[in-house]
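Trainee: So in our numbering, spot 157 of the sequence shown is number 157, and the numbers just go up one at a time.
A couple of the hints might just be wrong.
Claimed, not checked - Label pairs and their calculated CB-CB ranges: (1) 181 <-> 46: 36 to 42 Å; (2) 41 <-> 230: 26 to 32 Å; (3) 75 <-> 140: 32 to 38 Å; (4) 45 <-> 145: 18 to 24 Å; (5) 162 <-> 215: 39 to 45 Å.
No wet-lab data here; the hints were simulated from the structure.
We put the CB at the ideal spot given by N, CA and C, even for glycine.
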Amino acid sequence: MPNLVAHIGFGLDCIGLEEDSLISNNLGSFLLGCCSPDVRIITKMSRDNTHFVPISNKIIGTGTHNLFKENPKLLNKESLNSVTKSFLAGYILHLVADETWIIDMYRPYFGNRNVFPNKIIGNIMDRAMQLDMDRETHLQHENFSGYTHELAIDFDDIEIDFISNESFKEFTDTIKRVFSNAFDWSRLIFMIRRQYPDKDSGMAESLANDFIKNLPDSLEDLYHQVPKKEIKAYRANIISSWQSLIKEYLL
1 MPNLVAHIGF GLDCIGLEED SLISNNLGSF LLGCCSPDVR IITKMSRDNT HFVPISNKII
61 GTGTHNLFKE NPKLLNKESL NSVTKSFLAG YILHLVADET WIIDMYRPYF GNRNVFPNKI
121 IGNIMDRAMQ LDMDRETHLQ HENFSGYTHE LAIDFDDIEI DFISNESFKE FTDTIKRVFS
181 NAFDWSRLIF MIRRQYPDKD SGMAESLAND FIKNLPDSLE DLYHQVPKKE IKAYRANIIS
241 SWQSLIKEYL L
């Protein structure tokens, strides 16, 4: 699934859309929401508890529907303050982005043995393309690190029950580091080490190193196998699904 940098980038891409009223007045809350399904980095909770859907899900939007089903007080949109709405708008965007990646990108391409016969290589290419979205985010938003100050928000204003203020505070520090870090392809090695900590670790790390050493040719080869038009379609599908869910639950 996309990294936090890309999730923030998706959020920044939403500025200026017709739903901008949910974003601009509370940009910090919105960007925090864009990252918060990954708060499990801090809490060590199960992914299903923060994304509200298992990896095996086949329908985009299921996580959002489950989020509101499990937190019924959020269904009363008129009672939600603007900060909470902005946070939820970002949260929904993250859920949709992850679900769309799994359904539209990973399964048809990286997890497809007809496209990548070697499972390890398929997973490395999956991570590499996610990193390239991070790279594109940094290029598109030259003042990326300048958004850090937006995270100076009062967590008490976010009226939800499934993330504590203590977790918000610790996770916000993590997000600030994400904003301040420059893009570096060497992160691919870190990601692969996490995915393959024991079995196949040597082979996986060697293949990831080869990808980095052969840049930019290796990236060009990747886009021959997974055309850039698919990433463009992926981004468009995220926004379309998000807009539909926002209208249903928040507007």
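Trainee: Please go over all the hints and tell whether each is borne out by the structure.
Mentor: Verification of the supplied hints:
1. A hinted range of 36 to 42 Å is violated for the C-beta pair residue 181 and residue 46, which are about 27 Å apart.
2. The supplied range of 26 to 32 Å is met by residue 41 and residue 230, whose beta-carbon atoms lie about 28 Å from each other.
3. Checked against the given bound of 32 to 38 Å, the beta carbons of residue 75 and residue 140, roughly 35 Å apart, stay inside it.
4. One distance hint, 18 to 24 Å for the beta-carbon pair residue 45 and residue 145, is violated here, with the actual separation near 28 Å.
5. Taking the beta carbon of each, residue 162 and residue 215 are about 40 Å apart, inside 39 to 45 Å as hinted.
Of the numbered hints stated above, those contradicted by the structure are hints 1 and 4, listed in ascending order.
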